[in-house]
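Participant: Chain by chain, the residues:
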Amino acid sequence: MQTPAPFEYERATSVEGAIATLQRIGPEARLIAGGHSLLPMMKLRLANPEYLIDINDLEEELSYVDERITEIRIGALTRHAELLESELLARRAPVFRDAEEVIADPVVRNRGTIGGSLCQADAAEDLSAVCAALKANVVLRGPDGERVIGMDGFYIGPFTTAVGADEMLTEVRIPLRSGAGSAHEKVERRAGDFAIAAVSAAVWIEGGVIADAGIALGALGPTTIIATRAEEALKGRPPSEELFSQAGEIAKEDCAPVPDGRGPVDYKRHLANVLTVRALRRATSRALQQEA
Amino acid sequence: MEVKITINGQEVSRDVEPRTLLVHFIRDTPGLTGTHWGCDTSNCGACVVLMDGKPVKSCTTLAAMCTGHEIRTVESLEQNGRLDPIQMGFHEKHGLHCGFCTPGMLMTTRALLNENPNPTEAEIRTAISGAICRCTGYKNIVSAVRWAAEQEAAMTSGSSGMKQEA
Numbered sequence: 001m002q003t004p005a006p007f008e009y010e011r012a013t014s015v016e017g018a019i020a021t022l023q024r025i026g027p028e029a030r031l032i033a034g035g036h037s038l039l040p041m042m043k044l045r046l047a048n049p050e051y052l053i054d055i056n057d058l059e060e061e062l063s064y065v066d067e068r069i070t071e072i073r074i075g076a077l078t079r080h081a082e083l084l085e086s087e088l089l090a091r092r093a094p095v096f097r098d099a100e101e102v103i104a105d106p107v108v109r110n111r112g113t114i115g116g117s118l119c120q121a122d123a124a125e126d127l128s129a130v131c132a133a134l135k136a137n138v139v140l141r142g143p144d145g146e147r148v149i150g151m152d153g154f155y156i157g158p159f160t161t162a163v164g165a166d167e168m169l170t171e172v173r174i175p176l177r178s179g180a181g182s183a184h185e186k187v188e189r190r191a192g193d194f195a196i197a198a199v200s201a202a203v204w205i206e207g208g209v210i211a212d213a214g215i216a217l218g219a220l221g222p223t224t225i226i227a228t229r230a231e232e233a234l235k236g237r238p239p240s241e242e243l244f245s246q247a248g249e250i251a252k253e254d255c256a257p258v259p260d261g262r263g264p265v266d267y268k269r270h271l272a273n274v275l276t277v278r279a280l281r282r283a284t285s286r287a288l289q290q291e292a
Numbered sequence: 293m294e295v296k297i298t299i300n301g302q303e304v305s306r307d308v309e310p311r312t313l314l315v316h317f318i319r320d321t322p323g324l325t326g327t328h329w330g331c332d333t334s335n336c337g338a339c340v341v342l343m344d345g346k347p348v349k350s351c352t353t354l355a356a357m358c359t360g361h362e363i364r365t366v367e368s369l370e371q372n373g374r375l376d377p378i379q380m381g382f383h384e385k386h387g388l389h390c391g392f393c394t395p396g397m398l399m400t401t402r403a404l405l406n407e408n409p410n411p412t413e414a415e416i417r418t419a420i421s422g423a424i425c426r427c428t429g430y431k432n433i434v435s436a437v438r439w440a441a442e443q444e445a446a447m448t449s450g451s452s453g454m455k456q457e458a
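First to last, the sequence lines map onto chains A and B.
Residue numbers for the first sequence follow the numbering used here, so the first one is 1 and each next one is one higher.
Residue numbers for the second sequence follow the numbering used here, so the first one is 293 and each next one is one higher.
If you're looking for bench data, these hints aren't it; they were derived computationally from the structure.
Certain hints may be false.
[Stated by the list, open to error] Restricting the straight-line Cα-Cα distance to at most 20 Å, the calculated cross-link-like pairs of lysine to any residue (SDA-like) are:
#1 K296(B) <-> E10(A)
#2 K43(A) <-> R417(B)
#3 K346(B) <-> N406(B)
#4 K296(B) <-> D320(B)
#5 K296(B) <-> K43(A)
#6 K296(B) <-> T13(A)
[To be verified] Which stretches of chain B does chain A cover? Using the computed rule of at least three CB atoms under 8 Å from a CB of chain A, they are:
#7 332-339
#8 350-360
#9 415-425
[Stated by the list, open to error] A few chain A positions that, by computed beta-carbon distances, are all more than 12 Å from chain B:
#10 D152
#11 E253
#12 P259
Even for Gly, the Cβ is constructed at its ideal location relative to N, Cα and C.
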């Protein structure tokens, strides 16, 4: 029987209260929402928090998908099922629906949250690639107020983020820019599994050229990898199959997969290439449809 | 700590360790052993129960998280000696063999029909993609859910009582 090691449990009644508890208990305290990443890790003793702060009651403060003029704001406690069903996200950032359709299974998606997914910092987790490709910012709230950081500075290492011991990720902000298209491509061994490899891509097309691009690779290195060189290669050029192939080749070179039960390195590098091309192709076609 | 959960309409409370998982609380406290404890890793779906009407995996939910919430287990499907149409569907279409996955399958597909009374085969297969059956190959489970959907449609369209297939 797998049971977590003993811990103390408290149910937060406000974000402020949860942060105060984090500050009081220190690094041995951990927030729990869906629990579908944390509890399995606790059962395996890969995580051993002494104090759990349950934030599931904070839906009023932390569960929403709101459109603002320049960005979409997503509360940290928004569940996968809600992200999947969001027509706003499907319209403005379709990469979300692509990914949510293949994250775990529908029952798990009723519990898991975007904040938990990002903070778990598992390199094979899909939403990390989605948010990195969209160049999202995250809001980290601590005892002294909020700070906003980009996804490019969020991952410190495997299962490690920039979130401080007394901070909570409260919101994800997706910038809205014109000419946007985005897509997620994933290869998995069976339904609901983590990716063998996954790629999120976003393009912003202005006047027939790619003004900006985001490419993030999942399960292809120790953390979610932002394929900066591939992004740069696209900028200022009109989209074409040849250009996507170049970006795919760069992604293949710049990823850092390890061999494991899901496949050998050369196969994963091959997927990095192919999935980058496919994600860019779909992202671009969506951007051009929106432009028309 | 005291955990107080409404299970199948009855309030159940007990002093348990915070690490107690919902699946064990359900099986040990009111003794409702219909909810099966399978893989323990949220992969197999045998432990699915409804939390406030939505299917969740009870092996990956703390009992403490459910205080103040309403849980429904497979034991709640039968009402007044009458099987739920989804149970009848699994019976009619041989949607089980060993029966281990069945409680989770029933609750997962009951929730599906509550949300979507007329699911396609693809929608059924997506809904049960987090539930593993090692006996049936899923074909009969899909048939069972379709059978239940058709029965329920016939019931709500005003025909009197349930129709039994010949």
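Participant: Hints first: check each against the structure and report whether it holds.
Facilitator: Evaluated hints:
| no. | hint | in the structure |
| --- | --- | --- |
| 1 | K296(B) <-> E10(A) | 15 Å, holds |
| 2 | K43(A) <-> R417(B) | 29 Å, violated |
| 3 | K346(B) <-> N406(B) | 10 Å, holds |
| 4 | K296(B) <-> D320(B) | 14 Å, holds |
| 5 | K296(B) <-> K43(A) | 23 Å, violated |
| 6 | K296(B) <-> T13(A) | 18 Å, holds |
| 7 | 332-339 | holds (count 5) |
| 8 | 350-360 | holds (count 6) |
| 9 | 415-425 | holds (count 5) |
| 10 | D152 | 31 Å, holds |
| 11 | E253 | 34 Å, holds |
| 12 | P259 | 23 Å, holds |
Of the numbered hints given earlier, the model fails hints 2 and 5; all others are met.
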